[in-house]
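**Student:** Chains A and B are the protein sequences, given in the same order. Last residue of the first sequence: number 234 in this note's numbering, and the count goes up by one each step with no gaps. Last residue of the second sequence: number 1126 in this note's numbering, and the count goes up by one each step with no gaps.
Do not rely on the hints blindly, as some may be mistaken.
To be verified - When the alpha-carbon atoms are kept at most 20 Å apart in a straight line, the in silico DMTMM-like pairs for lysine to aspartate or glutamate are as follows:
#  : chain 1 : residue 1 : chain 2 : residue 2
1  : B       : K1010     : B       : E1044
2  : A       : K59       : B       : D1062
3  : A       : K59       : B       : E1082
4  : A       : K40       : B       : D1114
5  : A       : K59       : B       : E1109
6  : A       : K37       : B       : D1114
7  : B       : K1112     : A       : D54
8  : A       : K59       : B       : E1125
9  : A       : K130      : A       : D111
10 : A       : K114      : A       : E27
11 : A       : K172      : A       : D204
12 : A       : K37       : B       : E1099
13 : A       : K40       : B       : D1079
14 : A       : K40       : B       : D1076
15 : B       : K1112     : A       : E153
16 : A       : K59       : B       : D1098
17 : A       : K40       : A       : E30
18 : A       : K37       : A       : E15
19 : A       : K114      : A       : D126
20 : A       : K37       : A       : D16
21 : A       : K59       : B       : D1100
22 : A       : K172      : A       : E131
23 : B       : K1010     : B       : E1029
24 : A       : K40       : A       : E62
25 : A       : K221      : A       : E178
26 : A       : K25       : A       : E15
27 : A       : K37       : A       : D8
28 : A       : K37       : B       : D1076
29 : A       : K59       : B       : E1110
30 : A       : K172      : A       : D185
31 : A       : K40       : B       : D1062
32 : A       : K130      : B       : E1110
33 : A       : K221      : A       : D205
34 : A       : K130      : A       : D54
35 : A       : K37       : B       : D1018
36 : A       : K123      : A       : D185
37 : A       : K130      : A       : D185
38 : A       : K40       : B       : E1082
39 : A       : K59       : B       : D1079
40 : A       : K59       : B       : D1102
It is worth saying that the hints were derived from the structure and are not from the lab.
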Amino acid sequence: MREARTTDSVVRWSEDILQDSRFQKNELREHFVALQKEYKHLLRQLDRVARVSDGYQQKLIERSELLNQAAHHDALTGLSNRRDMVDRLNREVHAAARHGYTFAVILCDVDRFKQVNDTFGHKAGDSVLKEVARSVVNTIRSEDVCGRWGGEEFLILLPHTDESAALHVAEKIRATVEEILTVCDGRSIRCTLSAGVAGYHHGDDIDAVIRTADTRMYEAKQLGRNRVGPPPDQ
Amino acid sequence: MQPLRIEKSKSTPSVDLDAETGVLAIGGESYPEDSHQFFAPLVEWLDTFLTDRSVDVTFRVDLAYMNTSSTKYMIDILDRLEAAHDAGRNVAVEWFYDEDNDREIDTIEELKEDFEMSFTLTAREW
């Protein structure tokens, strides 16, 4: 059995007493030795309880991390969920106001997604969403954040980025997604997305900025899908 | 000797101590508000059982979680069983663990090393 690793002063003090020449032939020595043994046993028990308990407390910590992950992330795609994106947007608004910079958002929607679900089934639809999410994340820069905003809608937050730079990113995302081939149960599915971009400027209402991105995304859909709004001439 | 049976609650495990079969089972999660109040009757039952009966003992532990004071009592119980083993009793501990949790396995593996009695670890089936 393992001895408790101890820095215990009582143990060291009792060792000193046992070493003391005056205590070598003391009539209480054997009681003292027994007491010291019992004390060491208690220390060892304490150590054992602490170590086993640590193991179980660690489990709680891991569970809480999982819950935290679930609260902020979308289970299907692993992206930030809408709630997390709202938090991030609000933080970005405050940071932008404080430091006087701009940022932009891109709202993307997978084209004819209902048709994918109806034709290939929901499992295929889920695979498409996962593939799109993966490509978007691979396309954006490391400081940008992509979240699942709704069913087949993704919102991308681009810090320190103006609208025209965000348009370039959106176009890059559109072109990447166009090339994806999702394979599900032996069937290959192609899809495209339409995107709307909007820049945030100091004092803007963040909900209005999202609405602008949303309107531009629907305009892109109306112009034939697989495109990015606003168009260059706007 | 009457068996000791306690239904599982939100913070206390189920308990089923049977003197006839010698199977002592405890399962669930253990973080009672007052651990002494919960565990003292178990330990008392165990002491009587170990003194009065000579049947082989199986101690089956299936705790997904236990807090520190519960851990202390569980180790007290294991120490009593180890003492019975030292005195010649057939004692087997069956400890169930969560397969996904490496830390839990390591913890129990380490605890197991403190005992001479039969101590087996089994992955919990969900």
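**Student:** If a hint holds in the structure, say so; if it does not, say that too.
**Tutor:** Right, here's what the structure says about each hint:
1. B:K1010 to B:E1044: violated, 23 Å
2. A:K59 to B:D1062: holds, 15 Å
3. A:K59 to B:E1082: violated, 27 Å
4. A:K40 to B:D1114: Roughly 15 Å separates the two Cα atoms, so the pair holds.
5. A:K59 to B:E1109: With Cα atoms ~16 Å apart, K59 (chain A) and E1109 (chain B) stay inside 20 Å; holds.
6. A:K37 to B:D1114: holds, 17 Å
7. B:K1112 to A:D54: holds, 16 Å
8. A:K59 to B:E1125: Holds - the C-alpha atoms of E1125 (chain B) and K59 (chain A) are around 17 Å apart, at most 20 Å.
9. A:K130 to A:D111: It holds: about 15 Å lies between the C-alpha atoms, which stays within 20 Å.
10. A:K114 to A:E27: violated, 92 Å
11. A:K172 to A:D204: violated, 26 Å
12. A:K37 to B:E1099: Given that 20 Å is the threshold and the Cα spacing comes to 38 Å, the pair is violated.
13. A:K40 to B:D1079: Distance of about 16 Å is within 20 Å: holds.
14. A:K40 to B:D1076: Answer holds: K40 (chain A) to D1076 (chain B) is near 16 Å, not above 20 Å.
15. B:K1112 to A:E153: Between K1112 (chain B) and E153 (chain A) the Cα gap is close to 52 Å, so the pair fails against 20 Å, i.e. violated.
16. A:K59 to B:D1098: Holds, because 10 Å separates the two Cα atoms, which is no more than 20 Å.
17. A:K40 to A:E30: holds, 15 Å
18. A:K37 to A:E15: Satisfied, since the Cα-Cα distance of roughly 11 Å is no more than 20 Å.
19. A:K114 to A:D126: holds, 11 Å
20. A:K37 to A:D16: Holds, at about 15 Å.
21. A:K59 to B:D1100: holds, 10 Å
22. A:K172 to A:E131: The hint holds at about 16 Å.
23. B:K1010 to B:E1029: holds, 8 Å
24. A:K40 to A:E62: Distance of about 33 Å is beyond 20 Å: violated.
25. A:K221 to A:E178: holds, 15 Å
26. A:K25 to A:E15: Roughly 15 Å separates the two Cα atoms, so the pair holds.
27. A:K37 to A:D8: holds, 14 Å
28. A:K37 to B:D1076: holds, 18 Å
29. A:K59 to B:E1110: holds, 16 Å
30. A:K172 to A:D185: violated, 29 Å
31. A:K40 to B:D1062: violated, 30 Å
32. A:K130 to B:E1110: violated, 42 Å
33. A:K221 to A:D205: Violated, because 25 Å separates the two Cα atoms, which is more than 20 Å.
34. A:K130 to A:D54: violated, 38 Å
35. A:K37 to B:D1018: violated, 35 Å
36. A:K123 to A:D185: holds, 9 Å
37. A:K130 to A:D185: Since the Cα atoms of K130 (chain A) and D185 (chain A) sit roughly 15 Å apart, the hinted pair holds (cutoff 20 Å).
38. A:K40 to B:E1082: holds, 19 Å
39. A:K59 to B:D1079: violated, 24 Å
40. A:K59 to B:D1102: Status holds; Cα separation ~9 Å.
Violated hints, listed in ascending order, are 1, 3, 10, 11, 12, 15, 24, 30, 31, 32, 33, 34, 35 and 39; each of the other numbered hints is respected by the structure.
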